[in-house]
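Student: Going line by line, the protein sequences match chains A and B. Heads up, the first sequence stops at 206 in the numbering used here, and the numbers go up one at a time, no gaps. Heads up, the second sequence stops at 803 in the numbering used here, and the numbers go up one at a time, no gaps.
Cross-link-like lysine-lysine pairs, in silico, BS3-like; alpha carbons within 25 Å at most:
#1 Lys9/A <-> Lys244/B
#2 Lys182/A <-> Lys239/B
#3 Lys505/B <-> Lys740/B
#4 Lys144/B <-> Lys115/B
#5 Lys9/A <-> Lys239/B
#6 Lys633/B <-> Lys611/B
#7 Lys130/A <-> Lys96/A
#8 Lys740/B <-> Lys126/B
#9 Lys152/B <-> Lys511/B
These are calculated hints, taken from the structure and not from any lab test.
Letter by letter, the chains look like this.
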Amino acid sequence: MTKLAIAVKLDRCVGCHTCSLACKMSNNVPDGMLWNRVLTEGSDVVDGAQGVYPNLTRTYLPLACQHCENAACQKVCPTGATYKDENGRVEINYDKCIGCRMCMAACPYNARVFNWNEPSRGGNPAYGDKEVPARGKGVMEKCTLCKERIDRGEAEPMCVECCPARARVYGDLDDPESEISKLKATGNVRILLEERGTHPQVFYVQ
Amino acid sequence: MSMAKSGLTRRNFLKGSAMAAGALGLAGAGSMTSAEGWLAPATAHAEAEEHVACTYHQSHCGSRCSLKCTVRDGRLVMIQPNDAASDQRYRTVCLKGISEVEHIYGAGRVQTPLKRVEGSERGENKFEAITWEQALDEIVDKIKEVQGAHGKDSLLVKTCAEADSGWLAAMFGARGCAFNNGIDIGVGNGLDPSTGTGWGYAMSSQETRDWVNSRLVLLMGSNHCESSLTTTQAFFEAKEAGAKIVMVDPHFSTTASKASEWIPIEPGTDAALILGMISHILDKGLIDKEFMSLHTSFPFLVDKATGALLRGEAPKPTKEEIEAGIEPAAPFMVVDENGRTVLHNEAKAPKLEATATVDGKKATTVYNLLLESQKDYTTEWAAGITGIPQAKIEELAELYAQGPSSLGTGWGGNDKIANADVSGHAIAVICALTGNIGKPGAGVGCYVGGNYNGYGAGLGGWALPEDMVAGPADLQMREIRESDVVHAVFSVGDLVAQQTPAMGKTEEWVKGLDLVVIADPYFTENCKWADYVLPVCTRFECDEDYSNVAQGHNQICLQEKVVDPIFESKTEFWMQKEIAKRLGCESALPASAMERAEIALSTSADPYYNKLTIEKLKENGCVWPNEGIEEPKMVFMDKTFPTASGNMEVYYDFLTDFDQQLPKWEEPNEAYAGNPLREQYPLQLANTRTRFRIHSQFNDASWIQEIYSPVIAVNPADLEGKGIANGDTVRVFNDRGEIKVKVQVNESIRPGSARMYEAATSDFTVEGNMQALTNDFVPPRGAALMMGPVAPFSDTLVGIEKA
Chain A
1 MTKLAIAVKL DRCVGCHTCS LACKMSNNVP DGMLWNRVLT EGSDVVDGAQ GVYPNLTRTY
61 LPLACQHCEN AACQKVCPTG ATYKDENGRV EINYDKCIGC RMCMAACPYN ARVFNWNEPS
121 RGGNPAYGDK EVPARGKGVM EKCTLCKERI DRGEAEPMCV ECCPARARVY GDLDDPESEI
181 SKLKATGNVR ILLEERGTHP QVFYVQ
Chain B
1 MSMAKSGLTR RNFLKGSAMA AGALGLAGAG SMTSAEGWLA PATAHAEAEE HVACTYHQSH
61 CGSRCSLKCT VRDGRLVMIQ PNDAASDQRY RTVCLKGISE VEHIYGAGRV QTPLKRVEGS
121 ERGENKFEAI TWEQALDEIV DKIKEVQGAH GKDSLLVKTC AEADSGWLAA MFGARGCAFN
181 NGIDIGVGNG LDPSTGTGWG YAMSSQETRD WVNSRLVLLM GSNHCESSLT TTQAFFEAKE
241 AGAKIVMVDP HFSTTASKAS EWIPIEPGTD AALILGMISH ILDKGLIDKE FMSLHTSFPF
301 LVDKATGALL RGEAPKPTKE EIEAGIEPAA PFMVVDENGR TVLHNEAKAP KLEATATVDG
361 KKATTVYNLL LESQKDYTTE WAAGITGIPQ AKIEELAELY AQGPSSLGTG WGGNDKIANA
421 DVSGHAIAVI CALTGNIGKP GAGVGCYVGG NYNGYGAGLG GWALPEDMVA GPADLQMREI
481 RESDVVHAVF SVGDLVAQQT PAMGKTEEWV KGLDLVVIAD PYFTENCKWA DYVLPVCTRF
541 ECDEDYSNVA QGHNQICLQE KVVDPIFESK TEFWMQKEIA KRLGCESALP ASAMERAEIA
601 LSTSADPYYN KLTIEKLKEN GCVWPNEGIE EPKMVFMDKT FPTASGNMEV YYDFLTDFDQ
661 QLPKWEEPNE AYAGNPLREQ YPLQLANTRT RFRIHSQFND ASWIQEIYSP VIAVNPADLE
721 GKGIANGDTV RVFNDRGEIK VKVQVNESIR PGSARMYEAA TSDFTVEGNM QALTNDFVPP
781 RGAALMMGPV APFSDTLVGI EKA
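Go ahead and model the full structure; you've got the sequences and the hints to work with.
Tutor: Next up, the structure:
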């Protein structure tokens, strides 16, 4: 079996948002929407901090679809539009999506974004990977782990390729020899909202 | 709409048709030559023509990433790091690079040449579209008129670091600006005379890859993980190799948050910290006596009466030196191991602590003078000034002295305070005392991005005729705007809002000029003050297949055409040629941009580079590794310095009139703790760099705007009782001006300070330009410094209230 995932090394993440824009570019994500966001933990401002000056910490937390093994979004989807594919990815069949947004409400990670209106993409709308399908008004979208790139044989999702700090590791959790499996085996791993039982494949190295 | 304007070239179209076996056909071309086609959303990509082309991105973050660009139907659709780079460290892009996919087509572009509407004032921002032909005819005529009346150097040509108009000043015989207008030279003013290198910008360090060899990496004023984002890997490699990375920063910056330790400091007091550390190093005997004796000016004798270094007789110049116009430096005097007073280059072991009488002059060593001048600068004193605990200062001093230590300065922080040169000078002294230079893991200066302190390629360049030379560049903008030497301006980049503090004065000056021409791909604040705005291309656009070569991350990068010029923009190469035609000197310039690029390679003095060709670069994926990059670049490894003595010179007798021969503590001009002005204006306004901008660039990149728009960041403690909440609009003010901007309430900001990222111009704040607030003070010793007076942007106090 194959279980594709991304690990984020939190000690290396400098919160630069390059992953967010690399993803937006490659996946033709419309104006005002991101599949991958960089949060600053415990702060509601960009580059904020936890604590009181000068006793401060800051953790950047890049957040996208966690590609859960037990995906809450998939369970509530009434049409089967959201599915778990043979490579362990949570994907959306856009043609089947009826825009009910049950998945959006179910996802504890707030990873999904919805086309409330006809998407706009500024003065150069046709950006992105040529194989990424178009999405129109009323359709849900989110990180696909760059399905189209990977399925035609490219090595890494765009966010991983572009990360300036090399904080992101992509690979197959079912391959014990992969770098990502070895990272997970160290045990120095943080899973987001583990108590929800969603079993995210995406994980964070502390 | 013309074919060029639609982004679809004849060449692409034919290639596309062939690839799609006619499927695209005329229907495809038709859709791309209409406005509807231009704005059509992405739907069917399948039959589109697609190819890859490489260019390089901005240089002014110190990076210049080589970018692999995907072009579909003549439009830029994706940007990736260029995977042809020889080392994965140089396969880089950041959020600014990626944002270009939208940005170069964005609302911020100047779309056609513009002329100020007759009867409107400069700054009113009223323009009409004109043709390039009309614009250039009128501009050249008016420049000739101004130069005829006031002399050639009454025209100021200012080209920013990203510009490609290097011949413009020489073509017109125009004047330039001196010493980068005081920007980024604050610390270098104090550090660089000691090493004889650094070019005034403190660029005397080894490469960041050398940090893995350091026990301590001490960063002061360099938010490396943001401002040198694409060399961040080196930061983590060093940390993972066991280097302790200490960030001294008033604010909990990104780099502070990733460092091994953050030491918060009162803004503008870096010199006091270093002076305190020096005293501790002296007290504990942690000095490197051998390095000091043999490779620094500490043993040099100083005339106690005048403060001047004693010099011997200069040797007679050699034939070569006479031909080159070089006067040999006079050697300095020392007391040697036998107690004799000799020339410094004749002593085997010059004494550090000695006195002598030379020709009746009572003399003592630089080291003795340092011991004397340091007496006031105890660690207890330094703790009081900097707000850093005394024990921490002592611990840091011991760690630094133990070494090997890299001391990374920067162009943020104390570099933008009026006392910046004192901090640079103190840094030179602590480095020379401990020998933390010229060995693996030890260095000093700005450890910034890939094209600034890696290996240089020594590219050649096109030579203009000998009589075609630019005029003087002897005045900074602060001096120019207070004089009447300039009557016309031709600027590529933002001169009005970006370059000079106290923008109100610049505005008044601009209003009184006879002509203002601005060339820029984007409509910056500057453009509002122009008579003519010329739309030039970004580095993604070209009207030839190849445009230029340049030094990037330890590699040569080739600039290919990615897309045709967008809107009515033209390359700066084309613009200069068209101006040259009107001046009757077209033959002085190369026939094509590609010829310019070929010449840059073929005229290199280095055989490694002059055998390179555009074809070879292209075959290799548009990059070529610099020679020797297998090992990190290191400097001064033979312990000789390009100074008058060949030693590291820490005693500046050229500053005797200002009592700064050795670094003497001086408070900031305005932003010091006890300034009574703080009652009205309690907050220091730090003017810093960020990953979201390169200076004034990317304000208008809408993808970046989705993440960040200008704010003033303030600690919640400074907002108590003011009724101001996060996201509120506030008025920020001082005697120089005021602006309105949203507030960001952020614990990362030092209480007593506020932080804005530079170049928050009025289209992106709620109201007004942040440069209206900044301090344009000129220190009395400014003119005596290597690079003239620093522009003390952050030596600024402001008040803040709810708007």
